[in-house]
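Got two chains here, separate frames each, mind docking them using the hints?
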Amino acid sequence: MLAVATALDAKDLDLRQVSAALKQLKGSETIEIRHAASLHGFCAGLKQGEYDIIGDAGDYLGVLNDGATIRVTGNVGNYVGDNMTRGLIVVEGNAGLAAGVYPYGGTLLIRGSAGDFTATMNKGATIIVCGDVGDETATYHLAGDLIVVGNAGLNFGNFLIRGNLYIGGAFKSQGHNTRVEPLTKDDEQKLHRLFEQFDVPAEVSRFRKLVAETAKPFYGRIIKRRE
Amino acid sequence: MAVVGAFCVSVMKNACINAQYPGKCATCVEVCPYDVYAMDGEGQVSVQNFNACVGCRICAEFCPGNAIRINSAEPESITRALWTFPTVEEIHYKALTGQYILRGFGTMGPLPHFDSIVVVPSQIASPAPRDKYREDCKMDVVIGEDTCERPMHLQLPIVFPAMSFGALSREAKLALAICAAQMGIATNTGEGGLVPHENLYANGYVDPAREEKRWEPGGYLVMQWSTGRWGVSVDYVRAGDAVEVKIGQGAKPGMGGHLLGKKVTEEIAAVRGVPPGSDALSPCRYYDVQSLDDMKHMVTFLREVTDYQVPILMKLGPSRPYADVRAAAEAGVDAISIDGAAGGTGASPDIVTQSVGIPTIACIPPAVRALKDLGLHRKVKLIALGGLRGGLDAFKALAMGADAVGFGSAAEIALGCRACMACHKGECVYGITAQDPRLRARLDPEEGARRLSNFVRATSEEIKILTMLAGHSAVHELSEEDLRALDLNTAAITGLKLIGFEKRLPWWEGVGAN
Chain A
15 MLAVATALDA
25 KDLDLRQVSA
35 ALKQLKGSET
45 IEIRHAASLH
55 GFCAGLKQGE
65 YDIIGDAGDY
75 LGVLNDGATI
85 RVTGNVGNYV
95 GDNMTRGLIV
105 VEGNAGLAAG
115 VYPYGGTLLI
125 RGSAGDFTAT
135 MNKGATIIVC
145 GDVGDETATY
155 HLAGDLIVVG
165 NAGLNFGNFL
175 IRGNLYIGGA
185 FKSQGHNTRV
195 EPLTKDDEQK
205 LHRLFEQFDV
215 PAEVSRFRKL
225 VAETAKPFYG
235 RIIKRRE
Chain B
8 MAVVGAFCVS
18 VMKNACINAQ
28 YPGKCATCVE
38 VCPYDVYAMD
48 GEGQVSVQNF
58 NACVGCRICA
68 EFCPGNAIRI
78 NSAEPESITR
88 ALWTFPTVEE
98 IHYKALTGQY
108 ILRGFGTMGP
118 LPHFDSIVVV
128 PSQIASPAPR
138 DKYREDCKMD
148 VVIGEDTCER
158 PMHLQLPIVF
168 PAMSFGALSR
178 EAKLALAICA
188 AQMGIATNTG
198 EGGLVPHENL
208 YANGYVDPAR
218 EEKRWEPGGY
228 LVMQWSTGRW
238 GVSVDYVRAG
248 DAVEVKIGQG
258 AKPGMGGHLL
268 GKKVTEEIAA
278 VRGVPPGSDA
288 LSPCRYYDVQ
298 SLDDMKHMVT
308 FLREVTDYQV
318 PILMKLGPSR
328 PYADVRAAAE
338 AGVDAISIDG
348 AAGGTGASPD
358 IVTQSVGIPT
368 IACIPPAVRA
378 LKDLGLHRKV
388 KLIALGGLRG
398 GLDAFKALAM
408 GADAVGFGSA
418 AEIALGCRAC
428 MACHKGECVY
438 GITAQDPRLR
448 ARLDPEEGAR
458 RLSNFVRATS
468 EEIKILTMLA
478 GHSAVHELSE
488 EDLRALDLNT
498 AAITGLKLIG
508 FEKRLPWWEG
518 VGAN
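Listed in order, the protein sequences are those of chains A and B.
Going by the working numbering, the first residue of the first sequence is number 15, and it counts up by one from there.
Going by the working numbering, the first residue of the second sequence is number 8, and it counts up by one from there.
Source of the hints: derived by calculation from the structure; they are not laboratory data.
Every value quoted in this text rests on a predicted model; they were computed, and no experiment measured them.
Glycine included, C-beta positions come from ideal geometry on N, C-alpha and C.
Certain hints may be false.
Stated by the list, open to error - Taking lysine-lysine pairs in the BS3-like style, the calculated list, with each CA pair at most 25 Å apart, reads: (1) 432/B - 269/B; (2) 61/A - 37/A; (3) 145/B - 471/B; (4) 25/A - 303/B; (5) 379/B - 303/B; (6) 379/B - 145/B; (7) 504/B - 471/B; (8) 303/B - 37/A; (9) 303/B - 61/A.
What the hints assert, rightly or not - If you only want the chain B side, here are some residues facing chain A, beta carbon under 7 Å, derived: (10) 236; (11) 239; (12) 240; (13) 241; (14) 280; (15) 281; (16) 294; (17) 295; (18) 304; (19) 307; (20) 311.
Extracted from the complex, chain B is given alone in its bound form (with noise of 0.2 Å):
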């Protein structure tokens, strides 16, 4: 730990009063009790030993012209460790305000992640590669085909998870929706409450008889059946084409959606039938389930409002995979989407962002072996989420044993967001998450769409691309065979083949492949 020549100090001399008017002001050395500032005759102010430097930052804090930057000669997490200066001006925050920080977006720092794993292509041992460019691959799924009289036929293995209206913006849901149509995929309302023609956007109409499709081949959209029921009504549940029941999701597991006061509008308001301007928070659990047979029966009288007619999915956190996953697929549903603990999420404490639920490459295989257990794998579709950048960290979801994946933070990025974290305040320069009309008018819905779109249409490519030249034509034939963790944290966690050992870790052997 070095203490001598541990920080760098600099005067941004055009900041600097004294720089202009020598004499007028020697805050910086008055405040310095270890002499790293000196004045010398003609009352310049100079650094003259920043060795002696210890980061109290007093000097920074007292110049008037805020001229003076103190920063870590080398980066902090070596010097400083647990004390980083974010870490102390987080406690500042506390202590002056008596709150902890809320932010939106997702994960930010190191978790275990698809990273460490690669793609194993096809030899001369395995079934020959496929060519990508002159033969056919198998990309839909179906999602309740034996249980749903309209089950949901997605063109590719790719779905848009739950955003709510309220923290998504109205232009934001609609692009989401006009993509699933484009593309041939599903998108989901969010909690919050259906956007007017979302429903129609999904499917691939504009006007409410749904004579002339202006989107092919048409999408489908998933309705949220969530713990706060914001703008729900039987109508809503039948106007989509399944319904999804909210259990929890991963950026904060076992707690409730929170939408921050500033961003409910009079038309938010309207929708979730909360007074404008006042915080709506769902809460973290169904009030009407106090047990899982009550879930059984909820899952069962959504199918009888729905006249059995669309598929119902459950939408899980990040917490016990197995025995949750198993759970779900005993309450009788046809899909369950897991959430890993790189979700993303409208507004969150940071905390529980940052360091609550699993991995989502750690939920996938045990879900993945509960599924297997009840002989479900494969006819329950598993839908992973949290944190998936593209078609690579698709592929290996896929290839772990996921049916289809999910992006919710990366296709916010494709319609121009650039993460910045702010998506609680309502004020995203962008318009994906912003409420206020000025802000929201920066967001085409169609222009937005095209890039969602172009984005999805890129990432399926990708997709294919790997399955092909790891010997598969369609994805579901994808298997943990073509995949090999890098290193043995990885190996530990997935159960996949270590690379060079080629073998699973010892402590897997019998467990099950997945």
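Extracted from the complex, chain A is given alone in its bound form (with noise of 0.2 Å):
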């Protein structure tokens, strides 16, 4: 079926208008949508429908996100993806800091870069990076999986719980509580059905995994760091 898209262009309005607009168009498939870069909260706490933003997108695309499908075709600010649960959020361009926080489910894929404290305190979402990410990336990860296709910055994985954090680049500094494994045939596996869902154009061969070393990291104190 062909899907019916709808456009909305949302230049000079403010956010409450524009979620007024999007309920009026309820019922088509896709939305198309053009000036979103100074919407922050766009697209928030959606339960269904498509969304494709053409162009940038600012801070907070996707927060709450219960179940939508957001496209960006350019850049999106910090916190893509804040707090979702279910769902799919592509970015095209690069994210800012903080991509994919405090998420339960859902995925989130970035195709570009993205910044410092990415998939902080994920909880089970599934976020891929097609770049580089920033420092501090993974921090206090509790569950889930991360996929960071390129280069990570400092400490990355500080913290982690559960969860695993997959790297085909180097990082700088590998975090606190975390052990770099080689992956398993599950792991090739479902690297190998992600990339391929989602056109990913990397070799699994070349990725690492890090685990959490205990569940129970000893907080307060850092016992050891190793470089």
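Structure below.
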């Protein structure tokens, strides 16, 4: 079935006006939105629908997303996919700080690079970054998967509790409570499947995996930090 | 500083081995270098010279029967000042374990509090007192009246502040919700996610279809949006009647929530998304807020997510009340809770609970001034929290300019707590802060709610008595003219008029009456 696209120009509109306009468009399959770069908290708490943002998007895109599919052709600001629980967010460009922070589920795909604090406190989402990520990535990662095709900065996976951090490139330093492991057969299958599904040009054999050393790290004191 | 006779030495004869078997034990005689103890020819040990005791307590440490007690003869705060026995023991604890002291509950110790303020009754120079027994007093408060489609209409100027599921047991949370429904006030989820049916109970219903109201008039549930974001989804945010953005709390401003691993049961772990048995540590700040602009955007998207229906609140710790409240009001919230240093907690480092943050009475005046300077006083509601014990403290906070008050620790005590400060251990014998099913069974939510409602009723009557004897017929008419400071210190920090002097202290002139 052909998707029926409806367009909305968000120029000179504020968040409340744009959401009111979007509600009027309910029923169409895909909604195209332009000039959304100055809207912060856009597509918040949506349960369904497909939204294509042409150009850049602002901060907090898809916050509390609970089932909608959001695609952005340009770059996004900070905190994309904040506290998402279901759904899919695809960013063709780069993302700012703390992309995919606090999510419980869903998928976030960033084709470019992402900033510091990416996937912080991930509690179950799948987050794929095709470029590089910044420092303190996946701090206090509680569950879910982070896949970084490029390189990572300092303290990669600091205070990792659960979940898997897959990295194709290098990282400047490894965070507290992490251990590097080779991929298992299941991991390879999972990465193959995800790369195929989202059309990510990456070679699975290059990847390594970081897992938590213990589920109960001793807080308050860094016992040892390896370079 | 008395050196001679500074200590009382007592030996409990029923625990002393020598008293039962003379000559078999003389450890105290052997270890004491100052001849405090002596043994006679028959092998009987006695205290011969307690004046010589220096309080080293080596005898007590070595006594195999644990029969010796060494106490300071005069109050330790006078004779030993800095180095009291508890201080010494605390240093020993740190030296032995390498850990700082962690505990629950709130501040214990002298802080400027409401006790040094008195209420001024009405006589002839002011509007005559109102009759508490025969006249009405308006007690209700509306939060978000002009900004939201579903404002919170509290029947009393009282709320239960945020106490999380995890820190508190399910039973305690439900008791708070039922009491809120019975009294028409608001309770708060805290940062640990939603207890199943908590929102129904808080609104007065038991069945999910919301057909038959069990508790009249029905209250409200505030959903806390916190730095750990435990159990938060769009359904969570929409489940309640308001959303509270937590910035900090009085007991440990600048630190995030801390739930010790022992209290993280399977149920709590499932709600929070952490492994069972591991500490759930909330970050101290939002990872998704870097600036005040971000905070404004956060408030805006929370309004957007809740479809502009419910009020957005913000909870602040006691830091820089004027600047913080001003910033919070500018972020566009409907109500601001400011939690004084005397506020409570489930677990916090002892030093932080004791000595970090501004006391409650010093938080309210700057907060009121900030709202007045923005022209938002009584529009953006101010909720005063932090160690409030009853109607008297509540009245004083209201007269200083707050619109409502919160009872957290006092509500726990109304549920049966005895303030033993061991909330962090998860062994609460009254089932309030325990997660063990055996202990939780001791607290029945409906019975707890009955006690809480009685407490709230008595407290509201106290507020009413004081409001009416001060010549007012509504709590929002109260002003700082209804209060006087008892001492210079209180007058200096609150800007209240000093008794006798009947004026504000000179440096408060021109600052603006609260």
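Residue 61/A and residue 37/A were given as a pair; does the straight-line alpha-carbon distance stay at or below 25 Å? holds, 13 Å
Restraint check for residue 504/B with residue 471/B, where alpha carbons must lie at most 25 Å apart: Measuring from Cα to Cα gives roughly 23 Å; hence the hint holds.
Taking 7 Å as the limit, does the beta-carbon of residue 294/B come near enough to a beta-carbon in chain A? Holds, because the Cβ-Cβ distance from residue 294/B to chain A comes to roughly 5 Å (cut-off 7 Å).
Are residue 281/B and chain A close enough, Cβ to Cβ, to be under 7 Å, as the hint says? Holds - the Cβ of residue 281/B comes within 7 Å of chain A, reaching about 6 Å at its closest.
Holds or violated: is the Cβ of residue 241/B closer than 7 Å to a Cβ in chain A? holds, 4 Å
Is the Cα-Cα distance between residue 379/B and residue 303/B 25 Å or less? Judged against 25 Å, a Cα distance of about 20 Å means the pair holds.
With a cut-off of 7 Å, does the beta carbon of residue 239/B approach a beta carbon of chain A closely enough for the hint to hold? holds, 6 Å
Does residue 240/B meet its interface restraint, that is, does its C-beta lie within less than 7 Å of any C-beta in chain A? holds, 4 Å
Closer than 7 Å between Cβ atoms is the bar; does residue 307/B clear it against chain A? Give me holds or violated. holds, 6 Å
Residue 280/B as chain A interface residue, shortest Cβ-Cβ below 7 Å: holds, 4 Å
Pair hint residue 25/A and residue 303/B, alpha-carbon separation not exceeding 25 Å: holds, 21 Å
25 Å limit on alpha-carbon distance, applied to hinted pair residue 379/B and residue 145/B: This hinted pair holds, its Cα atoms lying about 23 Å apart.
Of the numbered hints listed earlier, not one is contradicted by the structure.
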